[in-house]
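Residue numbers (the working numbering), protein chains in the order written: chain A, 1 to 225; chain B, 226 to 472; chain C, 473 to 1131.
One or more hints might be untrue.
[To be verified] Not close to chain C: a few residues of chain B, all C-beta gaps over 10 Å, as computed:
{"#": "1", "residue": "Lys-231"}
{"#": "2", "residue": "Thr-321"}
{"#": "3", "residue": "Phe-379"}
[Said to hold, decoys possible] In silico lysine-lysine, DSS-like type, Cα no more than 27 Å apart, as pairs:
{"#": "4", "chain 1": "A", "residue 1": "Lys-105", "chain 2": "B", "residue 2": "Lys-303"}
{"#": "5", "chain 1": "C", "residue 1": "Lys-842", "chain 2": "B", "residue 2": "Lys-250"}
{"#": "6", "chain 1": "B", "residue 1": "Lys-236", "chain 2": "C", "residue 2": "Lys-983"}
{"#": "7", "chain 1": "B", "residue 1": "Lys-471", "chain 2": "A", "residue 2": "Lys-15"}
{"#": "8", "chain 1": "C", "residue 1": "Lys-998", "chain 2": "B", "residue 2": "Lys-250"}
{"#": "9", "chain 1": "C", "residue 1": "Lys-961", "chain 2": "C", "residue 2": "Lys-531"}
{"#": "10", "chain 1": "B", "residue 1": "Lys-239", "chain 2": "C", "residue 2": "Lys-686"}
{"#": "11", "chain 1": "B", "residue 1": "Lys-272", "chain 2": "C", "residue 2": "Lys-531"}
{"#": "12", "chain 1": "A", "residue 1": "Lys-199", "chain 2": "B", "residue 2": "Lys-395"}
{"#": "13", "chain 1": "C", "residue 1": "Lys-857", "chain 2": "B", "residue 2": "Lys-372"}
{"#": "14", "chain 1": "A", "residue 1": "Lys-94", "chain 2": "B", "residue 2": "Lys-303"}
{"#": "15", "chain 1": "A", "residue 1": "Lys-89", "chain 2": "B", "residue 2": "Lys-236"}
{"#": "16", "chain 1": "A", "residue 1": "Lys-89", "chain 2": "B", "residue 2": "Lys-372"}
[Unchecked claim] Which residues of chain A face chain B? A partial, calculated answer using Cβ under 7 Å:
{"#": "17", "residue": "Asn-3"}
{"#": "18", "residue": "Leu-13"}
{"#": "19", "residue": "Asn-87"}
{"#": "20", "residue": "Val-93"}
{"#": "21", "residue": "Ala-102"}
{"#": "22", "residue": "Asn-103"}
{"#": "23", "residue": "Ser-104"}
{"#": "24", "residue": "Ser-108"}
{"#": "25", "residue": "Arg-109"}
{"#": "26", "residue": "Ser-181"}
{"#": "27", "residue": "Asn-189"}
In short, the hints are calculated from the structure, not lab data.
Even for Gly, the Cβ is constructed at its ideal location relative to N, Cα and C.
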Amino acid sequence: MSNTSPNFIQSSLGKKLLMGLTGLFLISFLVVHATLNSFIFAMDGGELFNQGCLFMATNPIIRIIEIVLFIGIILHIVQALILTLKNQKARPVKYAVTDGKANSKWYSRSMGILGSLLLMFLVIHLSHFWVGTKAAQFGGTIQEHNTYLEIIEVFHNPFNVLIYLLGVISLGYHLAHGFQSSFQTLGLNHPKYTPLIKKAGLWFSILITIVFAAMPLAVFFGIVK
Amino acid sequence: MNLTLKIWRQKNDKETGKLVTYPVKDISPDMSFLEMFDVLNEELITKGDEPIAFDHDCREGICGMCSMFINGRPHGPKRGVTTCQLHMRSFKNGDTIVVEPWRAAAFPVIKDLTVDRSAFDRIISKGGFISVNTGNAQDANNIPIPKPDADASFEAAACIGCGACVATCKNSSAMLFVSAKVSQLALLPQGRVEATTRVKNMVAQMDEEGFGNCTNTGACEIECPKGISLENIARMNREYFVANIKS
Amino acid sequence: MSKLDSKIPEGPLEQKWEKYKSSVALVNPANKRSLEVIVVGSGLAGASAASSLAEMGYKVKVFCFQDSARRAHSIAAQGGINAAKNYQNDGDSTYRLFYDTIKGGDYRAREANVYRLASVSANIIDQCVAMGVPLAREYGGMLSNRSFGGTQVQRTFYAAGQTGQQLLLGAYSGLQRQVGLGTIEMFARHEMLEVVNIEGKCRGIIARDLISGKLERHFGHAVLLCTGGYGNVFYLSTNAMGSNVTAAWKATKKGAFFGNPCFTQIHPTCIPVSGDHQSKLTLMSESLRNDGRIWVPKKQGDTRKANEIPEEERDYYLERRYPAFGNLVPRDVASRAAKERCDAGFGVGTSKMAVYLDFKSAIARYGHSKALTQGINNPSAQQLKDFGKLVVEEKYGNLFEMYEQITGENPYELPMRIYPAVHYTMGGLWVDYNLMTTVPGLYALGEANFSDHGANRLGASALMQGLADGYFVIPYTIGAYLSKEIATKAISTDHEAFVSAEKDAQGIIDKLFAIKGTKSVDHFHKRLGKIMWDKCGMARNEKGLKEAIAEIRTLREEFWKDVRVPGSANDFNPELEKAGRVADFIELGELMCMDALNRSESCGGHFREESQTEEGEALRKDEEFAYVAAWENKGNHTYELHKEELKFEAIKIAARSYK
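Let the sequences and hints guide you as you build the complete structure.
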């Protein structure tokens, strides 16, 4: 048989692969982010934490990775939009009755909504912390920039804490599906290892959620001052 | 038992349809779901109404022709069962049952509950085969095939092409169907010869037909009456990526 | 004298086909491209023939009434496919398969055809495996076999309980490949309604597009009917709901003879009828008789549950009556034995029209060996049962699930209840050695023809015959005809023969709508089925058959006065499709009874109560009836009988014994 296939990236599976790869890349970023966050529990008035922040803001390799990270996020979002639109078109007349809970998890069916919530949260989150840091970077005041104090200030506001908790929970559920799903997409499904990957994914999602939720809660309840 | 049926009626693919309510009485729990439809149709014909069109043929769960979306699930509430094998003992007296056709852009409604699934045939014709002409074969035992591979291939080959995977998928994706065929052939040494072009061509045709994309919810695997595994989709992904890296 | 020429090649049996193949006329590739072949039906025979012919270069059109070629009812065959491979080293050979098939068919099949079938059987397995059909294998990677009824060797290849599905999907994949290459044009949801003959040769068909309702004319230099059997004449059968005789029946109206219509196979192991609502019967594969033991209580009208009846009060009547073959006697023998027990009052279940098929001893036996392989030397009773269940599940899992689904009973715990049901029709369009009917250019393949199974088909032989006809016979034999047709240009479908055939088809449709009666099509179909089952079923007698003929005539008249076909002709209308099919079944039913009446011997699936031994076994009358009864339709429901004498040169004709 002769090959009649168009190019890879335009194909449904190519798009899927991009979603999976960018997803996994973003997951790896989350590990770094969560590690940095946990520095706040050193209980040293934010010294270690601020050092970490400074490293992240000034290390040239990290600066390059940051750009890649943003490209990753944008690709992930754009692909998601394209796929969602295509998927919507694939069923023009909807069912009167569907019983999704009988065959799948709600969050696996709600990745679009969870992702949109995450995007909104991301905008708020960046405006809280990233914008200030960037301003300091380009203003040449990065050495004096105190992210720790910013955090204390933001999370004294209960409204902000609520938003962060919602954002982090959305992230948790997004990961609960996304982690194992990206392995499946990459074709890594094996009777022996897939159950492990699924379990690892679930624990990872829970851990990430706890670590990220711990910071605003700890600040709000005065555990971290 | 007595039941209330809400059944999708649609004259053809051009007109829009609607759910119509039909009460049915004295249904035996030993009846199959389709036999209940026979009874209802018999009543409609006697009354001078048009009977409900629905696809069915073998009525033993293997031809893949029957296709009803029953109370939000393809082939109804039981796992591993096609509509024709679903029996009324799975329902209770007084139940309301909503019956809709498979819904997907790639499966246009022909009439009532009957849909056009020829997209599946077109996908198969792009690569769901091994290109061996009649009379070319060597002795069947010349290539030993490890039993686990043969068994896995058989499990994938058990697909009946009913389209329940597409019907239940929130994205109307046909990946379970396509991957079952890709897997069946990829697992056999005879099928490896054309593995690269096969997966590329079949995926291209699948996209062309307007099926949605897989988001790994796993609903298809649960609803598949033949228990085709999600592993097949992963295998297809793998095959596809490798094929594209190779050429 | 007879108009029938079977065209069997000269020479010794073993060489007939080889010699034929090397001497049959060929068509050169350039000429093949301008020769068109119509294939009606897309089952094993149709799909394999269509793909093979397309590969050879012919222009092929395929028609099926289902929504896809993959739905054809070959898909439902469960148990397996025979082939004389002798992989098990148990003494199998082409000759043995040939012999078993002739004997199984109770000496009513043509030797030359059956020998050819046996000799190509091994090629079928090779072909299917090469096409990626995942047949069952042993741990060493080699193909696995099991045994089937009527044989003492293991020659049945299988894919769990879905052999037909796997083989059909294999043939379908070959068909779709040619569709993709543009050599086959596929017409799904199309039903053939007329054969078109021009100057004594078949030149095309009229088909109805089932979605738009439009009648279409299609030309072909040759037409292949691969449309399966007519078991649905009984209303309840193991056939698919859509399986019908219409294509074959329309052919008889255009001059094709119908061979041995009364030869129907009643399969012994089906799930019993549960009520009036029943629309079809479900087969439990014959392969189950490898491991299941059939019994009834020794006491008449025993009302105890199966598990409460102790071993010594059970009558394993097949093992008792036929010690050599036991539970693996041929289908006709097993079916009649079940009927005999039930009629005598030993039946079980609520209807008392069922016998038990019990897996208890198989579960125990397998449990024991499985336990040993697991290193457990003293397994507990529970372990034995669990291990045994695992093995049985691997072999027959899908069948057990299906049984539980339909009956609501768990066959691992309780024995299955089974009863015979109509399954296969050995009769069909009469064909010669080339598979051509009495109309030049019109062929019949697979179950649609009468040929290879005589009066009774052995298990796992239908798949073999369908694929043999399609893959390995027709590609050669069609050349004998088409090589003389190379000068024939495609005939325009405006030809008056097409016009008048279309008019005939339209006439029937109009007539059906014009009746506007009060009763549904199914009403008539059920009544026909009851007449056929009661009087032309497992046992037949002169009085009953005569009554049946009269009743069917009345039913026919009533049908044409009182049937109601709703909807319109220019639309997707399943009721109209059914009406046309039932009209043909009614006519066929009458002919079946006439044939059964004529054949006052018992042979294979045809049991005339007047012709039996003192022990109640079937009694053949070879002097009088060693012939194929081919019926010519003379119009107005009259038929003329032609006889093709059967000559047995390689096999000594003898009473069939499985004792």
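These are the hints, each one checked on the structure:
Every Cβ of chain C is farther than 10 Å from the Cβ of Lys-231/B; the closest lies at roughly 21 Å, confirming the non-interface assignment. The claim that Thr-321/B is not at the interface with chain C holds, since no C-beta of that chain comes within 10 Å of its own (minimum 21 Å). Phe-379/B, annotated as away from the interface, has a beta carbon of chain C within 10 Å; the closest lies near 4 Å. The hinted pair formed by Lys-105/A and Lys-303/B meets the criterion: a straight-line CA distance of about 18 Å does not exceed 27 Å.
With a C-alpha separation of about 50 Å, the suggested pairing of Lys-842/C with Lys-250/B is violated against the 27 Å cut-off. The straight-line distance between the Cα atoms of Lys-236/B and Lys-983/C is roughly 24 Å, inside the 27 Å bound, and the hint therefore holds. With a C-alpha separation of about 18 Å, the suggested pair Lys-471/B and Lys-15/A falls inside the 27 Å cut-off, and the hint holds. At roughly 22 Å between alpha-carbon atoms, Lys-998/C and Lys-250/B fall within 27 Å of each other, so this suggested pair holds.
For the proposed pair Lys-961/C and Lys-531/C, the alpha carbon gap of about 13 Å is at most 27 Å, so the pair holds. Taking the CA atoms of Lys-239/B and Lys-686/C, the gap is near 18 Å; set against the 27 Å cutoff, the hint holds. With a C-alpha separation of about 47 Å, the suggested pairing of Lys-272/B with Lys-531/C is violated against the 27 Å cut-off. Pair hint Lys-199/A plus Lys-395/B holds up; C-alpha atoms about 24 Å apart against a cutoff of 27 Å.
Our distance criterion of 27 Å between C-alpha atoms is met by Lys-857/C and Lys-372/B, whose separation comes to about 25 Å. Simply put, Lys-94/A and Lys-303/B have alpha-carbon atoms about 22 Å apart, close enough for the 27 Å limit, and the pair holds. At most 27 Å may separate the alpha-carbon atoms for a hinted pair to count; Lys-89/A and Lys-236/B meet this at roughly 23 Å. Between Lys-89/A and Lys-372/B the CA atoms are separated by roughly 42 Å; this puts the pair beyond 27 Å, and the hint is violated.
Interface restraint check for Asn-3/A: the shortest CB-CB distance to chain B comes to about 5 Å, inside 7 Å, so the restraint holds. Proximity of Leu-13/A to chain B holds as hinted, the smallest CB-CB distance being about 5 Å (cut-off 7 Å). A hinted interface residue such as Asn-87/A counts as satisfied when its beta carbon comes closer than 7 Å to some beta carbon of chain B; here the least separation is about 4 Å, so the hint holds. With its C-beta approaching chain B no nearer than about 5 Å, Val-93/A sits inside the 7 Å limit, and its interface hint holds.
At a threshold of 7 Å, the smallest CB-CB gap from Ala-102/A to chain B is about 6 Å, leaving the interface hint in force. Satisfaction of the interface hint for Asn-103/A is found here, the shortest Cβ-Cβ separation to chain B being roughly 4 Å, below the 7 Å cut-off. Against a cut-off of 7 Å between C-beta atoms, the interface hint on Ser-104/A holds, since the closest Cβ of chain B lies about 4 Å away. Taking 7 Å as the C-beta cut-off, the interface hint given for Ser-108/A holds, the closest approach to chain B being about 4 Å.
Given the 7 Å rule on beta carbons, the hint for Arg-109/A holds: about 5 Å separates it from the nearest Cβ of chain B. Of the supplied interface hints, the one on Ser-181/A holds, with its beta-carbon coming within about 4 Å of a beta-carbon of chain B, less than 7 Å. Evaluation of the Asn-189/A hint against chain B yields a held restraint, the C-beta minimum of about 3 Å falling below 7 Å.
Going down the numbered hints, you'll see the structure goes against 3, 5, 11 and 16, while the others check out.
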